[in-house]
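Peer 1: Whenever a hint applies, use it, and build me the whole structure from the sequences.
Here the protein sequences line up with chains A and B, keeping their order.
Going by numbering that gives the first Met the number 0, 129 is the number at position 130 of the first sequence; the sequence numbering is gapless.
Going by numbering that gives the first Met the number 0, 59 is the number at position 60 of the second sequence; the sequence numbering is gapless.
One or more of the hints may lead you astray.
For lysine-lysine, the following DSSO-like pairs were computed, each having C-alpha atoms within a straight-line distance of at most 27 Å [what the hints assert, rightly or not]:
no. : chain 1 : residue 1 : chain 2 : residue 2
1   : A       : Lys144    : B       : Lys62
2   : B       : Lys50     : B       : Lys40
3   : A       : Lys151    : B       : Lys62
4   : A       : Lys52     : B       : Lys16
5   : A       : Lys144    : B       : Lys50
6   : B       : Lys16     : A       : Lys151
7   : B       : Lys50     : A       : Lys133
If you're looking for bench data, these hints aren't it; they were derived computationally from the structure.
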Amino acid sequence: MKQTEIHLNPVYLAITDKALDLAHFNRMVQQQQGEYGASVIFTGSVRVSSAEKHLVAMSLEHYPGMTETLLQQIIDKAVKRWQLGRVVVVHRVGYLKPGEPIVFVATAALHRREAFEAAEYIMDYLKTDATFWKQEHYRINGVTKDVWVEAKQSDQQRLKRWQQKD
Amino acid sequence: MKNDKITVSVLFFASYKQLLGVSELNVELENGAIIADLCRKLLENAKNNEKWQQVFASETSLKIACNQTLCDPDKGLQQGDQVAFFPPVTGG
Chain A
0 MKQTEIHLNP
10 VYLAITDKAL
20 DLAHFNRMVQ
30 QQQGEYGASV
40 IFTGSVRVSS
50 AEKHLVAMSL
60 EHYPGMTETL
70 LQQIIDKAVK
80 RWQLGRVVVV
90 HRVGYLKPGE
100 PIVFVATAAL
110 HRREAFEAAE
120 YIMDYLKTDA
130 TFWKQEHYRI
140 NGVTKDVWVE
150 AKQSDQQRLK
160 RWQQKD
Chain B
0 MKNDKITVSV
10 LFFASYKQLL
20 GVSELNVELE
30 NGAIIADLCR
40 KLLENAKNNE
50 KWQQVFASET
60 SLKIACNQTL
70 CDPDKGLQQG
80 DQVAFFPPVT
90 GG
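Peer 2: Here is the structure:
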């Protein structure tokens with residue numbers, strides 16, 4: 000049923016607590032691409048930790064309803080700004096192990112520049128606007144420690160690039 | 000007869016939810032109240048509770064949404080509004 004939806008609508012947006020099936024989403028972007036020969040696929044995953052700080056898992060929560068609206072607004076702006084044949088945005092929530100994908104953003108455009116820019120634009124705004132929160136679960140000397148991830152100022156800085164062009 | 004009270008639902012997310020130990024509650028306010036009044040009332044109800052002060056004192060990091068749209072503390076409230084308090088987002 001979802002596949003039918005894709006043929007009709009170039010935008011696919013989902014928030015899920017299931018492991019992301021990257022092959023499935025890759026096909027979504029690249030099948031029946033028509034004249035949109037340039038596609039860019041970005042995947043963000045849970046880091047596999049360094050030795051001193053052993054990250055065992057990550058929990059992701061979001062604000063159901065508001066998150067979908069915000070993501071749709073970001074996608075709408077990207078679609079207005081670049082001519083895109085397809086946009087796929089999928090974000091994971093729930094309990095994730097190191098190495099598991101968190102976010103999948105893909106764009107298909109007529110030429111690579113538009114596809115790269117639109118994918119980056121969507122990711123940049125997703126980072127600063129979309130109502131998701133990460134908590135990292137560490138294991139240090141046999142003791143579990145839960146740490147809420149802090150927002151980065153550098154993510155806000157990145158938006159200037161897009162705002163200057165507006 | 001005109002009702003002089005309104006009830007709004009309040010949501011907390013992420014570190015705030017964990018710190019306060021509550022995700023959702025209903026609050027009765029005077030008709031015409033703004034979000035700053037709601038914050039004051041929540042702080043009064045949680046008298047001497049540092050945790051609540053910690054959340055509502057963090058003006059730079061406290062984000063507010065009314066009916067799932069970001070807003071400022073001077074936003075007026077209506078009966079049945081949903082107000083959410085949360086820290087800066089960290090998805091992606």
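Peer 1: Each hint should be assessed against the structure and marked as holding or not.
Peer 2: Taking the hints in turn, this is what the structure says about them:
1. Lys144(A) / Lys62(B): holds, 25 Å
2. Lys50(B) / Lys40(B): It holds: about 15 Å lies between the C-alpha atoms, which stays within 27 Å.
3. Lys151(A) / Lys62(B): Distance of about 15 Å is within 27 Å: holds.
4. Lys52(A) / Lys16(B): Distance of about 25 Å is within 27 Å: holds.
5. Lys144(A) / Lys50(B): holds, 20 Å
6. Lys16(B) / Lys151(A): holds, 21 Å
7. Lys50(B) / Lys133(A): holds, 20 Å
The earlier numbered hints are all upheld by this structure, with none contradicted.
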